[in-house]
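J.: With the hints as constraints, model all of the structure from the sequences given.
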Amino acid sequence: MASVKIKLSRLRVALFVLFIGGLSFLVLCFPIVALDFDLWYHLLGGTYILEHHTLPAQAFFSYLPNSDRWVDYYWLFQVIVTSLHQVGGYFALIVLRSLLYLATVVLVWLCLRTDEDNGDNGVFLIALAMACAYAMAILPRDLMLRPHVFTYLFIVLFHYVVNDRPRWGWALPVAALVWTNVHGVEYPVLLLTCGAYLAEYFLPKFLRRPAPETIRRLRWPLIVSLYAVLATPAGVGLLPKPFAPPLFHERVISELNPQNLGAFFSLSLYPGGNWLETATNGLVLFVAVSVLALAWSRRLRLSRVVLFAGGLFLLPQSRRFTYEFLLLCLPVVADFLRLVAGWRPRPIPWKGALAAGLIMIAATLWSVNEFLGKQARYPLDVARLPVGTCDFLLRQGPGGKVLNVSNPGGYLEWRLYPKYLIFMDMQTMLFPSLDLFMSLNMFTDKLVFQRALDRYGPGFVLADVRDKDFLKRMEGVGDFAPVFFDDVLTLYADAKAYPDLVARNRLVAIDPATCVTEDYEAMEEAKRERMLAECRRVHEVYPDGLIVNTVMAKIALARGRTQEAMGHASRLMEVYPDRYMGFALAGLAAFKEERYEAALEYNTDALARAMPSERVLVVRNLYATYARLKRFDKAYEALESVINPMMPAATFLDLSDMGMSAVAAGKTREGRLLLTMALAKAPESEKAKVKEIEELLAMMDEPRQ
Numbered sequence: 000m001a002s003v004k005i006k007l008s009r010l011r012v013a014l015f016v017l018f019i020g021g022l023s024f025l026v027l028c029f030p031i032v033a034l035d036f037d038l039w040y041h042l043l044g045g046t047y048i049l050e051h052h053t054l055p056a057q058a059f060f061s062y063l064p065n066s067d068r069w070v071d072y073y074w075l076f077q078v079i080v081t082s083l084h085q086v087g088g089y090f091a092l093i094v095l096r097s098l099l100y101l102a103t104v105v106l107v108w109l110c111l112r113t114d115e116d117n118g119d120n121g122v123f124l125i126a127l128a129m130a131c132a133y134a135m136a137i138l139p140r141d142l143m144l145r146p147h148v149f150t151y152l153f154i155v156l157f158h159y160v161v162n163d164r165p166r167w168g169w170a171l172p173v174a175a176l177v178w179t180n181v182h183g184v185e186y187p188v189l190l191l192t193c194g195a196y197l198a199e200y201f202l203p204k205f206l207r208r209p210a211p212e213t214i215r216r217l218r219w220p221l222i223v224s225l226y227a228v229l230a231t232p233a234g235v236g237l238l239p240k241p242f243a244p245p246l247f248h249e250r251v252i253s254e255l256n257p258q259n260l261g262a263f264f265s266l267s268l269y270p271g272g273n274w275l276e277t278a279t280n281g282l283v284l285f286v287a288v289s290v291l292a293l294a295w296s297r298r299l300r301l302s303r304v305v306l307f308a309g310g311l312f313l314l315p316q317s318r319r320f321t322y323e324f325l326l327l328c329l330p331v332v333a334d335f336l337r338l339v340a341g342w343r344p345r346p347i348p349w350k351g352a353l354a355a356g357l358i359m360i361a362a363t364l365w366s367v368n369e370f371l372g373k374q375a376r377y378p379l380d381v382a383r384l385p386v387g388t389c390d391f392l393l394r395q396g397p398g399g400k401v402l403n404v405s406n407p408g409g410y411l412e413w414r415l416y417p418k419y420l421i422f423m424d425m426q427t428m429l430f431p432s433l434d435l436f437m438s439l440n441m442f443t444d445k446l447v448f449q450r451a452l453d454r455y456g457p458g459f460v461l462a463d464v465r466d467k468d469f470l471k472r473m474e475g476v477g478d479f480a481p482v483f484f485d486d487v488l489t490l491y492a493d494a495k496a497y498p499d500l501v502a503r504n505r506l507v508a509i510d511p512a513t514c515v516t517e518d519y520e521a522m523e524e525a526k527r528e529r530m531l532a533e534c535r536r537v538h539e540v541y542p543d544g545l546i547v548n549t550v551m552a553k554i555a556l557a558r559g560r561t562q563e564a565m566g567h568a569s570r571l572m573e574v575y576p577d578r579y580m581g582f583a584l585a586g587l588a589a590f591k592e593e594r595y596e597a598a599l600e601y602n603t604d605a606l607a608r609a610m611p612s613e614r615v616l617v618v619r620n621l622y623a624t625y626a627r628l629k630r631f632d633k634a635y636e637a638l639e640s641v642i643n644p645m646m647p648a649a650t651f652l653d654l655s656d657m658g659m660s661a662v663a664a665g666k667t668r669e670g671r672l673l674l675t676m677a678l679a680k681a682p683e684s685e686k687a688k689v690k691e692i693e694e695l696l697a698m699m700d701e702p703r704q
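Using numbering that gives the first Met the number 0, the first residue of the sequence shown is number 0, and each one after it goes up by one.
Keep in mind that the hints were calculated from the coordinates and are not lab data. Don't be surprised by glycine CBs; every beta carbon is placed ideally from N, CA and C. It is possible that some hints are incorrect.
Dumping the calculated DSSO-like pairs for lysine-lysine here, alpha-carbon to alpha-carbon at most 30 Å [what the hints assert, rightly or not]:
id : residue 1 : residue 2
1  : Lys591    : Lys526
2  : Lys445    : Lys400
3  : Lys690    : Lys666
4  : Lys373    : Lys591
5  : Lys400    : Lys495
6  : Lys495    : Lys445
7  : Lys666    : Lys591
8  : Lys688    : Lys666
9  : Lys400    : Lys373
10 : Lys666    : Lys680
11 : Lys690    : Lys591
12 : Lys418    : Lys467
13 : Lys495    : Lys591
14 : Lys591    : Lys686
15 : Lys418    : Lys445
16 : Lys686    : Lys633
17 : Lys688    : Lys629
18 : Lys591    : Lys633
19 : Lys690    : Lys680
Distance windows between CB atoms, simulated [said to hold, decoys possible]:
id : residue 1 : residue 2 : range
20 : Lys240    : Leu433    : 16 to 24 Å
21 : Ser432    : Glu563    : 15 to 23 Å
22 : Ala521    : Lys686    : 13 to 21 Å
23 : Asn65     : Glu600    : 51 to 59 Å
24 : Lys690    : Ala607    : 53 to 61 Å
T.: Shown next, in the form of structure tokens:
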């Protein structure tokens with residue numbers, strides 16, 4: 000019997016090691032991605048602290064009027080990430096992010112483990128399923144290297160020490176001290192966690208009953224941990240911060256949006272569904288079931304009631320508090336598993352447990368891999384970062400004030416300070432609501448833009464690169480001209496303040512917002528040459544730009560210079576390996592060179608990376624390639640996957656191509672109907688195509704000899 004227990008124990012350890020090993024590989028291979036831009040304002044804050052040996056008291060990177068709003072409650076986090084970045088670059092930050100996430104998952108597992116001596120593989124499988132669900136639930140948030148990743152780790156660490164390792168009790172004040180200096184605004188969660196466990200000591204004392212031995216041993220470490228809230232550079236100034244957020248910021252920042260509790264009943268268990276969201280919602284429901292079961296069995300401890308009540312209070316406040324709720328209620332889930340362990344009369348055979356465990360682990364790793372998507376450039380994905388505009392300003396600009404859209408402000412200030420000051424970033428506790436209102440409205444409202452110019456006098460404006468009507472809306476306000484663009488922002492310079500810079504770099508022929516979708520095949524050569532000249536200036540500063548390389552490749556293809564186009568496509572495939580454009584352009588170049596097998600391979604890779612809105616263009620390229628390869632069945636299937644012939648969106652060209660490929664593939668019935676439908680939509684300009692269709696239909700209607 001003892002040998003069987005040892006084997007079962009080893010099996011469980013092996014399964015969990017396999018699980019953690021798989022997770023480690025996936026998260027370590029995932030680069031730093033600009034899911035938001037907060038990391039970079041933390042890097043600038045850490046740089047400021049290390050250089051000045053003091054905490055910032057004002058928004059030193061902004062020209063907005065100074066205020067006393069800044070309490071740098073995440074100063075230690077900033078110092079940590081900046082120090083690591085200075086030593087090991089973005090790879091060091093990936094390692095930090097991965098270690099924090101994996102340590103949290105391991106501690107979750109250790110909290111969920113039940114007594115292994117009972118030999119109950121069924122309970123082990125439930126615990127493993129819960130660990131997998133927690134790993135999936137917190138992953139999207141832990142991929143963003145921000146102070147909350149420490150908060151999640153410390154919540155679980157407190158649970159583990161109190162419930163499983165009370166002899167480590169005096170590590171709690173140390174952890175609390177680090178916690179409050181890494182992410183001080185979350186101190187109410189620290190107080191809630193400590194208070195929940197201390198309630199199990201003080202309530203029995205009040206009722207003149209003996210307190211549990213474990214809590215008696217831990218009361219002083221927990222009490223000392225409470226005072227860590229005051230052991231930050233802010234002192235008592237930290238206390239009001241969580242309870243005085245700027246008004247209306249939750250209307251702008253999605254993670255601050257109030258939580259609709261009904262959303263937790265949304266579960267997608269089919270392949271292709273969002274399994275990570277399903278894991279989150281399932282855990283919330285599982286916690287509720289666990290509380291009810293423990294209460295019914297009279298096994299619901301006071302600390303669990305307090306943790307659940309506190310988490311339940313946080314849950315509807317905003318979407319970001321979902322994760323605090325789940326981690327605060329982790330002991331509830333662990334207690335429920337122990338309750339279930341007492342219900343099961345028979346253990347599951349170890350072979351069945353092994354198979355079920357492997358399936359769970361495989362499903363979890365598959366879901367995580369699907370969520371992470373195609374591998375982006377490592378160790379930093381620059382796809383959403385305004386790298387090019389920052390490079391241009393640092394090389395050619397004289398310095399000064401930049402009026403910027405606020406969302407990428409964290410990256411802008413990190414790159415541009417101290418040569419430039421920006422308007423604002425997204426540090427919600429730092430800027431008043433009026434500043435955020437101005438930043439959101441001044442790029443669409445002419446009056447607000449004029450007043451911003453009059454008040455602050457910026458020499459440069461950074462607007463969204465997709466905003467094609469910005470200059471038209473702001474006509475007559477200032478004298479700003481577009482001088483540069485990257486894949487995120489378009490840079491406008493004041494022509495009166497910087498006439499030489501504008502004269503050298505003004506963009507006249509190219510519109511960054513629409514240039515990718517231009518028809519370069521039909522364009523006049525003179526216009527193509529003007530656009531190409533402006534692209535070359537941009538490309539010289541930012542050779543990695545997605546937009547500029549795409550335009551230059553399309554112009555090269557229109558001129559028949561396929562090797563030149565392939566050079567730009569290769570650059571895009573290297574810098575943006577997770578994006579479809581480089582592969583699609585390479586496919587077009589190979590198609591023009593009549594290398595159809597290569598074109599097929601490139602277009603297949605492009606389709607695997609294309610967003611839903613991008614699929615139609617790629618599928619059309621696939622269709623043409625299959626047609627040249629005389630694989631008409633595949634050509635028809637390709638068009639059928641993106642075109643609904645019965646809907647108004649289906650064009651004459653869509654229907655005629657589908658019909659022709661269907662006929663060629665031997666699908667005569669479908670082809671005849673599609674071609675007839677195409678004739679019903681045929682414009683006057685397509686007389687030659689109409690004649691071809693009519694002749695084909697006539698041939699199909701001729702009786703066989």
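J.: Determine for every hint whether it applies to the structure shown.
T.: Status of the hints after comparison with the structure:
no.: 1; hint: Lys591 / Lys526; in the structure: holds, 23 Å
no.: 2; hint: Lys445 / Lys400; in the structure: holds, 19 Å
no.: 3; hint: Lys690 / Lys666; in the structure: holds, 21 Å
no.: 4; hint: Lys373 / Lys591; in the structure: holds, 27 Å
no.: 5; hint: Lys400 / Lys495; in the structure: holds, 15 Å
no.: 6; hint: Lys495 / Lys445; in the structure: holds, 19 Å
no.: 7; hint: Lys666 / Lys591; in the structure: holds, 29 Å
no.: 8; hint: Lys688 / Lys666; in the structure: holds, 20 Å
no.: 9; hint: Lys400 / Lys373; in the structure: violated, 38 Å
no.: 10; hint: Lys666 / Lys680; in the structure: holds, 21 Å
no.: 11; hint: Lys690 / Lys591; in the structure: holds, 27 Å
no.: 12; hint: Lys418 / Lys467; in the structure: holds, 28 Å
no.: 13; hint: Lys495 / Lys591; in the structure: violated, 47 Å
no.: 14; hint: Lys591 / Lys686; in the structure: holds, 26 Å
no.: 15; hint: Lys418 / Lys445; in the structure: holds, 28 Å
no.: 16; hint: Lys686 / Lys633; in the structure: holds, 28 Å
no.: 17; hint: Lys688 / Lys629; in the structure: holds, 20 Å
no.: 18; hint: Lys591 / Lys633; in the structure: holds, 20 Å
no.: 19; hint: Lys690 / Lys680; in the structure: holds, 14 Å
no.: 20; hint: Lys240 / Leu433: 16 to 24 Å; in the structure: holds, 19 Å
no.: 21; hint: Ser432 / Glu563: 15 to 23 Å; in the structure: violated, 51 Å
no.: 22; hint: Ala521 / Lys686: 13 to 21 Å; in the structure: holds, 19 Å
no.: 23; hint: Asn65 / Glu600: 51 to 59 Å; in the structure: holds, 58 Å
no.: 24; hint: Lys690 / Ala607: 53 to 61 Å; in the structure: violated, 38 Å
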